[in-house]
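J.: Take a look at the letters that make up each chain.
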Amino acid sequence: MELSDEDLLASGSASDFGCFYDRHLDAVLAFVGRRTRQPEAIFDLTAETFARALEHRGQYQPARGPAIGWLLGIARNLIIDSVRRGKIEAESRVRLGMAVVELDDEQLAAIAERGGRGLRAALAALPEEQLAAVIRRVVLDEPYPVIADGLQCSEQVVRKRVSRGLATLRANLGDQR
Amino acid sequence: MTDPFAVLRDELVRAAVVREPAPAPARPRWWERLTGRLGRRSHPLVIVLGTLLVSGSATAGVIALTESSSQPLAGTVPGRVEAASLAGYHYSISVTPNLAAGEAFWNTSISYNKNGRFGSGEGGGSLYATRSNPLFGGVGVSISSTPSRGDTVGYVMTAPDVLAVRVGDRTIRTFSSPDLPAGDRAAVLFLPAGYPNLVMGWRPGQPIRSHETFPPLLGHRPITIRTIAILPIDRNGNVIATSQRMPFMPFASFWQARSAVTPNITESPYHGPTRPLPGACELAQRGLRALTPEWGHVINVIPSYPDAVGALLVSCVDTEYYLHGWGLEAAVLLDARRPGRELGTLPGAQPVAGHPGTVNAPDGGLTARRIGNAWLVVQGGSGLAQRLQALSALRIGKLDLRRVSSGG
Numbered sequence: 000m001e002l003s004d005e006d007l008l009a010s011g012s013a014s015d016f017g018c019f020y021d022r023h024l025d026a027v028l029a030f031v032g033r034r035t036r037q038p039e040a041i042f043d044l045t046a047e048t049f050a051r052a053l054e055h056r057g058q059y060q061p062a063r064g065p066a067i068g069w070l071l072g073i074a075r076n077l078i079i080d081s082v083r084r085g086k087i088e089a090e091s092r093v094r095l096g097m098a099v100v101e102l103d104d105e106q107l108a109a110i111a112e113r114g115g116r117g118l119r120a121a122l123a124a125l126p127e128e129q130l131a132a133v134i135r136r137v138v139l140d141e142p143y144p145v146i147a148d149g150l151q152c153s154e155q156v157v158r159k160r161v162s163r164g165l166a167t168l169r170a171n172l173g174d175q176r
Numbered sequence: 000m001t002d003p004f005a006v007l008r009d010e011l012v013r014a015a016v017v018r019e020p021a022p023a024p025a026r027p028r029w030w031e032r033l034t035g036r037l038g039r040r041s042h043p044l045v046i047v048l049g050t051l052l053v054s055g056s057a058t059a060g061v062i063a064l065t066e067s068s069s070q071p072l073a074g075t076v077p078g079r080v081e082a083a084s085l086a087g088y089h090y091s092i093s094v095t096p097n098l099a100a101g102e103a104f105w106n107t108s109i110s111y112n113k114n115g116r117f118g119s120g121e122g123g124g125s126l127y128a129t130r131s132n133p134l135f136g137g138v139g140v141s142i143s144s145t146p147s148r149g150d151t152v153g154y155v156m157t158a159p160d161v162l163a164v165r166v167g168d169r170t171i172r173t174f175s176s177p178d179l180p181a182g183d184r185a186a187v188l189f190l191p192a193g194y195p196n197l198v199m200g201w202r203p204g205q206p207i208r209s210h211e212t213f214p215p216l217l218g219h220r221p222i223t224i225r226t227i228a229i230l231p232i233d234r235n236g237n238v239i240a241t242s243q244r245m246p247f248m249p250f251a252s253f254w255q256a257r258s259a260v261t262p263n264i265t266e267s268p269y270h271g272p273t274r275p276l277p278g279a280c281e282l283a284q285r286g287l288r289a290l291t292p293e294w295g296h297v298i299n300v301i302p303s304y305p306d307a308v309g310a311l312l313v314s315c316v317d318t319e320y321y322l323h324g325w326g327l328e329a330a331v332l333l334d335a336r337r338p339g340r341e342l343g344t345l346p347g348a349q350p351v352a353g354h355p356g357t358v359n360a361p362d363g364g365l366t367a368r369r370i371g372n373a374w375l376v377v378q379g380g381s382g383l384a385q386r387l388q389a390l391s392a393l394r395i396g397k398l399d400l401r402r403v404s405s406g407g
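Protein chains in written order, with numbering that gives the first Met the number 0: chain A, 0 to 176; chain B, 0 to 407.
FYI, nobody ran anything at the bench for these hints, they're computed from the structure. Just to be clear, a hint being listed does not mean it is correct.
Said to hold, decoys possible - Only pairs whose alpha carbons sit at most 25 Å apart, straight line, appear in this in silico SDA-like list of lysine to any residue:
hint: 1; chain 1: A; residue 1: K86; chain 2: A; residue 2: A62
hint: 2; chain 1: A; residue 1: K86; chain 2: B; residue 2: I224
hint: 3; chain 1: B; residue 1: K397; chain 2: B; residue 2: L290
hint: 4; chain 1: A; residue 1: K86; chain 2: B; residue 2: K397
hint: 5; chain 1: A; residue 1: K159; chain 2: B; residue 2: G339
hint: 6; chain 1: A; residue 1: K159; chain 2: B; residue 2: E10
hint: 7; chain 1: A; residue 1: K159; chain 2: A; residue 2: A62
hint: 8; chain 1: A; residue 1: K86; chain 2: A; residue 2: P65
hint: 9; chain 1: A; residue 1: K86; chain 2: B; residue 2: T291
hint: 10; chain 1: B; residue 1: K397; chain 2: B; residue 2: G339
hint: 11; chain 1: A; residue 1: K86; chain 2: A; residue 2: E39
hint: 12; chain 1: A; residue 1: K86; chain 2: A; residue 2: D25
hint: 13; chain 1: A; residue 1: K159; chain 2: B; residue 2: S404
hint: 14; chain 1: B; residue 1: K397; chain 2: A; residue 2: Y143
hint: 15; chain 1: A; residue 1: K159; chain 2: A; residue 2: Y143
hint: 16; chain 1: A; residue 1: K159; chain 2: B; residue 2: T291
hint: 17; chain 1: A; residue 1: K159; chain 2: A; residue 2: E128
hint: 18; chain 1: B; residue 1: K397; chain 2: B; residue 2: L276
hint: 19; chain 1: A; residue 1: K86; chain 2: B; residue 2: P195
hint: 20; chain 1: A; residue 1: K86; chain 2: B; residue 2: S405
hint: 21; chain 1: A; residue 1: K159; chain 2: B; residue 2: L290
hint: 22; chain 1: B; residue 1: K397; chain 2: B; residue 2: F253
hint: 23; chain 1: A; residue 1: K86; chain 2: B; residue 2: N106
hint: 24; chain 1: A; residue 1: K86; chain 2: B; residue 2: F250
hint: 25; chain 1: A; residue 1: K86; chain 2: B; residue 2: R274
hint: 26; chain 1: A; residue 1: K159; chain 2: B; residue 2: R401
As the list claims (entries may be wrong) - Estimated spans, in silico, between C-beta atoms of each pair:
hint: 27; chain 1: B; residue 1: T344; chain 2: A; residue 2: Q60; range: 37 to 47 Å
hint: 28; chain 1: B; residue 1: P277; chain 2: A; residue 2: Q151; range: 15 to 25 Å
hint: 29; chain 1: A; residue 1: H55; chain 2: B; residue 2: I207; range: 18 to 28 Å
Note that this is a predicted model, so its numbers are computed, not measured. Think of the CB as a built atom: it goes at the ideal place given N, C-alpha and C, for glycine as much as any other residue.
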């Protein structure tokens, strides 16, 4: 049986964290790739996101939402910090003693290609009404009643659109969860 | 071509191996008999009993055995004065609210100085007290905090129901103070050179004394740091089981003015919003043209944190302003448990003469004006006069309390 994200993070096992990385790498790459096109920055932000998740995996709280939301929250904060401070933090990677990965041109091109696809393409494939509901609920964190009011439909309809939209996104991003 | 993300995976797994939990120490036979008899379904009871056994006793008598008073939030580090030591330095511990929109933390820090010369300083973590996590702020394991500087100071903030903390064979009574979040308490203790690092988050069954190994870094050998758990004690002398959690952080949209300094990282030019998007809270400005908004965050939903047991404030908007070359961060703070319905005090804040409703917390470099059940806060700048100048030009442009979420 496939372990849940909660189990993978709670076990403390290195191989379980590797599985967690495999499961969510594409989503993090797509999220980061939407905000910067520089392959070095995409790689650094992705690496620091997972390093920070590794350091704080014991603090993930399932009741507050799915692990992917927690992970993207870490990525979002790193992106904001990088803009504010003018550099991409490497604190967690340093504390963990992770080696600096030197990237050649071929690897940089591959990262740029991989970071540019995924979420953008998956979002573009969503029907317009699902796209609006997903963005307002997941990205802007608006409550269902507020979205329903804005879209002039019932709360149940919004919930259904978000649910269907997320299911489509998961399928398109290859999320196995 | 080697896949860089496969290399990254290898690095992460290698780092995770180093941090894999050590095998549990062999337990005495009475432990097995006890846990076997109680069975798995009695887990909470096992935890409570285990806690009492590890702590040595179950009653208030434990505190009385070796109890001592806490050191104050500010004082002088004792010990032999030598080159690498902080002995003789004045230390000062401060607690300030986090101003980032959507986030509700207390930022704690300690600074050391001697004869006006800044010695060093250290952030102590950013959390708040809950029933399951009654210790916050203060101490933690990191390479930078290895105990190599001679005598130093350890501290921890606690929930209101923590009457003492235990560190090894020392039990230190906590205290409340107007310089702490209302209701919360603190314990401060002097640590001799070479003392293990204090760590929070101890759970029943874990060793009190342990160690953490950091892998080789920049050609150096691995670093192993001895650690000792700091345990919260309730009014009956019992150890309170803890579980550290990372607080929930809602999405906050970032904006940056065109005039703001462009980050000098290898990143595409900034193409995001150059003004704050409409949000649940908004700041507005009247006059003082030299005060320029540079960047900030807005949120659409104001999170509430009903699990907080001490005072807690949540920011619903933040903006970094520049004024004559100084940076000032402005924010609107609400009570985090009941946003908009009540409002607590700011730690260490005193009324400012001649400015009704305005308070100043000098340690945090923070000045605030109360507007209904909200604090309009300005932090940083050249000093109190400049913060008052900025506050006089700022107001809360919008505060939509219909957008308060029911839980954090």
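J.: With the threshold set at 25 Å, check whether the alpha-carbon distance from K86/A to D25/A stays at or below it.
T.: This hinted pair holds, its Cα atoms lying about 23 Å apart.
J.: Are K86/A and A62/A close enough, with their CA atoms no more than 25 Å apart?
T.: The hint is violated at about 33 Å.
J.: For the pair we were handed, K159/A and E128/A, check the Cα-Cα distance against 25 Å.
T.: Roughly 11 Å between the alpha carbons, so the hint for K159/A and E128/A holds.
J.: Just tell me: holds or violated, for the beta carbon distance of T344/B and Q60/A against 37 to 47 Å?
T.: violated (29 Å)
J.: Between K86/A and S405/B, is the straight-line Cα distance small enough, at 25 Å or below?
T.: Cα-Cα ~36 Å, so violated.
J.: Holds or violated: are the alpha carbons of K86/A and I224/B at most 25 Å from each other?
T.: At roughly 29 Å apart (the allowed maximum being 25 Å), I224/B and K86/A break the hint.
J.: Are the Cα atoms of K86/A and T291/B separated by 25 Å or less?
T.: holds (23 Å)
J.: Given the hinted pair K86/A and E39/A, is their Cα-Cα distance within 25 Å?
T.: holds (12 Å)
J.: Holds or violated: 15 to 25 Å for the Cβ distance of P277/B and Q151/A?
T.: The hinted range 15 to 25 Å holds for P277/B and Q151/A, with Cβ atoms some 19 Å apart.
J.: Compare the distance between the alpha carbons of K159/A and A62/A with 25 Å, and conclude whether the hinted pair is satisfied.
T.: Within the cut-off at roughly 21 Å; holds.
J.: Does P195/B lie within 25 Å of K86/A when you go C-alpha to C-alpha?
T.: violated (33 Å)
J.: Given the hint that K159/A pairs with L290/B, test it: the Cα-Cα distance must not exceed 25 Å.
T.: violated (46 Å)
Hint check: violations occur at hints 1, 2, 4, 5, 6, 8, 16, 19, 20, 21 and 27; the rest are consistent with the structure.
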